[in-house]
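Residue numbers (our numbering), protein chains in the order written: chain G, 1 to 328; chain E, 329 to 656.
It is worth saying that the hints were derived from the structure and are not from the lab.
One should not assume that every hint holds.
Derived Cβ-Cβ restraints for the label pairs, each shown as a range [claimed, not checked]:
1. G:Val-311 to E:Ala-354: 44 to 52 Å
2. E:Ala-354 to G:Ala-284: 18 to 26 Å
3. G:Arg-97 to E:Asp-426: 18 to 26 Å
4. G:Arg-113 to E:Ala-354: 28 to 36 Å
5. E:Arg-342 to G:Arg-59: 45 to 53 Å
6. E:Arg-527 to G:Arg-97: 44 to 52 Å
7. E:Gly-447 to G:Ala-252: 36 to 44 Å
Looking from chain G toward chain E, a few residues come up when the C-beta cut is under 7 Å (computed) [unchecked claim]:
8. Asp-78
9. Ala-81
10. Arg-180
11. Ala-182
12. Asp-186
Where chain E lies over chain G, by a calculated footprint (3+ residues, C-beta under 8 Å) [claimed, not checked]:
13. 32-38
14. 45-51
15. 84-92
16. 124-131
17. 149-157
For glycine and all other residues, C-beta sits at the position ideal for the given N, C-alpha and C.
2 protein chains.
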Amino acid sequence: MQTPRPGEFEAIERHFAPLAREGRFAAFGLRDDAATLSPRPGHDLVLTADALVAGVHFRAADAPGLVARKALRVNLSDLAAKGARPLGYLLCLSLARDVDDGWIAAFAAALARDQAEFGVQLAGGDTTSTPGPTTIAITAIGEVHAGCMRLRGGARVGDEVWVSGTIGDAALGLAVLEGRLAAPVDARKALAGRYLLPRPRLALGLAAPASGVACMDVSDGLVQDLGHVAALAGCGAEIEAGLVPLSDAARATVGGDGRLLDVALSGGDDYELLFAVASSRAPALAAAGEACAVPMARIGRLVEGQGVAIVDPDGARRRLARGGWTHF
Amino acid sequence: MQTPRPGEFEAIERHFAPLAREGRFAAFGLRDDAATLSPRPGHDLVLTADALVAGVHFRAADAPGLVARKALRVNLSDLAAKGARPLGYLLCLSLARDVDDGWIAAFAAALARDQAEFGVQLAGGDTTSTPGPTTIAITAIGEVHAGCMRLRGGARVGDEVWVSGTIGDAALGLAVLEGRLAAPVDARKALAGRYLLPRPRLALGLAAPASGVACMDVSDGLVQDLGHVAALAGCGAEIEAGLVPLSDAARATVGGDGRLLDVALSGGDDYELLFAVASSRAPALAAAGEACAVPMARIGRLVEGQGVAIVDPDGARRRLARGGWTHF
Chain G
1 MQTPRPGEFE AIERHFAPLA REGRFAAFGL RDDAATLSPR PGHDLVLTAD ALVAGVHFRA
61 ADAPGLVARK ALRVNLSDLA AKGARPLGYL LCLSLARDVD DGWIAAFAAA LARDQAEFGV
121 QLAGGDTTST PGPTTIAITA IGEVHAGCMR LRGGARVGDE VWVSGTIGDA ALGLAVLEGR
181 LAAPVDARKA LAGRYLLPRP RLALGLAAPA SGVACMDVSD GLVQDLGHVA ALAGCGAEIE
241 AGLVPLSDAA RATVGGDGRL LDVALSGGDD YELLFAVASS RAPALAAAGE ACAVPMARIG
301 RLVEGQGVAI VDPDGARRRL ARGGWTHF
Chain E
329 MQTPRPGEFE AIERHFAPLA REGRFAAFGL RDDAATLSPR PGHDLVLTAD ALVAGVHFRA
389 ADAPGLVARK ALRVNLSDLA AKGARPLGYL LCLSLARDVD DGWIAAFAAA LARDQAEFGV
449 QLAGGDTTST PGPTTIAITA IGEVHAGCMR LRGGARVGDE VWVSGTIGDA ALGLAVLEGR
509 LAAPVDARKA LAGRYLLPRP RLALGLAAPA SGVACMDVSD GLVQDLGHVA ALAGCGAEIE
569 AGLVPLSDAA RATVGGDGRL LDVALSGGDD YELLFAVASS RAPALAAAGE ACAVPMARIG
629 RLVEGQGVAI VDPDGARRRL ARGGWTHF
């Protein structure tokens with residue numbers, strides 16, 4: 001049953017103003033035109049923005065709480081890659097016409113939960129109607145010690161390629177959710193959960209070295225994203241397929257099916273951290289993983305040339321026809 | 329004729345990366361996950377976000393350059409109200425399926441023009457497709473001297489209400505553009521232009537006093553927005569209709585039609601600055617207007633009670649049934 005939707009200002013007052021109460025921003029209960037932030041001396045700010053569109057980045061029927069948390073977390077994942085401590089975010093929410101008050105309430109309640117978990121606050125934004133699909137644009141703000149944002153650029157031929165956690169769960173999970181893949185019963189929930197609710201690697205992001213390491217988060221697929229790191233370095237990359245960390249659920253689902261392994265390697269929504277690091281610095285990176293209890297795996301290296309090659313356990317080298325997800 | 333749309337990364341590289349080159353943010357050619365900003369010592373940052381949806385906030389057929397500039401300028405207008413100097417913005421652009429490369433190119437070229445005019449840069453964002461209407465969410469960032477953001481709150485009963493420029497042009501202009509209003513030929517272009525291309529009052533925003541003054545920009549209609557200032561102050565407000573500054577075009581269009589005057593008073597998209605100021609501080613505010621060559625007009629005052637009353641030249645007091653624009 002639909003609960004009537006409140007007016008714009010009532011929705012902000014009731015559902016979103018409570019999210020703006022505590023934190024580093026002065027947000028004036030969302031009753032002003034803007035929020036203000038006093039930067040900490042000796043720190044830089046880090047800013048990133050990502051939008052999610054129903055039917056493109058999430059399914060319109062997904063639970064509003066999961067949608068809210070995914071929208072926030074994909075932005076926090078970018079801050080994690082940069083080694084930033086998240087401070088807050090601004091939210092532009094364009095609501096489809098069938099969204100009711102219950103949906104908004106659940107959306108906001110889930111944000112409250114994630115705010116507590118990640119130490120961020122809502123600092124502002126905009127709420128509007130759209131005749132199209134619900135669209136959520138978030139700008140997230142974090143801070144780093146001055147000059148210490150970890151970059152995506154600066155990698156070199158010979159660097160080792162490392163990745164956190166496990167790869168491919170979300171892509172397999174989406175296929176399960178869409179009925180395109182019959183995964184083992186035990187695996188279905190784990191895989192779908194990885195698609196529906198990313199876990200930004202913020203602790204690892206803070207613990208990992210800020211210099212001598214190139215980093216980005218894996219959002220558009222491992223192969224495509226590693227391609228970006230390599231292209232910025234003016235070189236290519238190799239992934240040893242047998243070294244790519246798969247979860248038990250992914251392993252049971254992929255089995256010996258090379259096509260499914262490629263889904264794992266090229267699908268999006270992992271939200272793990274991808275590093276290129278000189279061998280001499282790799283122990284520091286591995287130690288950061290240990291300190292945060294995040295598994296880290298060396299999966300390949302940067303090589304002369306261009307593009308990303310997959311090296312199968314039998315030594316065969318190949319390239320994926322489709323490198324990853326593009327939102328166009 | 330449609331020009332084929334480029335891929336996501338090509339569109340960013342070709343059209344948007346050039347917008348990120350110069351300014352206070354290090355944006356890495358939009359090839360990193362985030363931008364970084366080194367705050368100036370002794371300054372606070374001011375952050376605001378507003379989204380525009382085709383069919384809601386602009387007409388899908390509007391020229392892409394006007395849409396781009398409006399999307400940026402409505403955010404700059406919020407910074408103007410806060411007395412902030414704009415630094416840059418992040419852009420989440422969700423493009424309808426019929427948007428082609430020519431549209432994107434014109435959109436980006438117009439942003440380049442406004443960036444030069446207002447001294448801002450693109451600092452990041454996201455470009456995606458949507459099955460719905462084109463949606464533009466912008467987060468703008470500015471700076472003020474520490475502790476000097478001008479607030480919307482803090483006004484008091486007895487404060488004078490002042491407004492910059494002229495009121496109602498944009499609302500009348502929209503009615504003209506939609507064929508709902510037959511304005512004099514000479515007036516049509518001037519009114520439509522005010523709807524299509526706001527002029528954020530940044531110079532006035534910087535020159536006006538930061539303290540002892542409450543301020544917001546007039547975006548949802550004078551009556552509704554003044555109602556927000558009054559509500560925050562826990563009081564009501566009176567507008568003397570005869571004192572509200574109308575442009576020649578608006579005056580010629582309204583004539584003696586009280587209904588059209590109410591459209592001017594309650595319509596949105598003025599993007600003028602609205603101040604509540606103690607009489608003792610009003611001369612400083614008027615002087616700021618003079619220094620910037622922006623006409624300033626005293627139009628009413630804050631009074632005991634609640635809500636906004638219109639006082640007509642004959643002394644009759646009335647309230648508008650519909651106070652202003654809501655986006656729900």
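May I ask which of the numbered hints given earlier this structure violates, with the numbers listed in increasing order?
Numbers 1, 5, 6, 7, 10, 11 and 12, in rising order.
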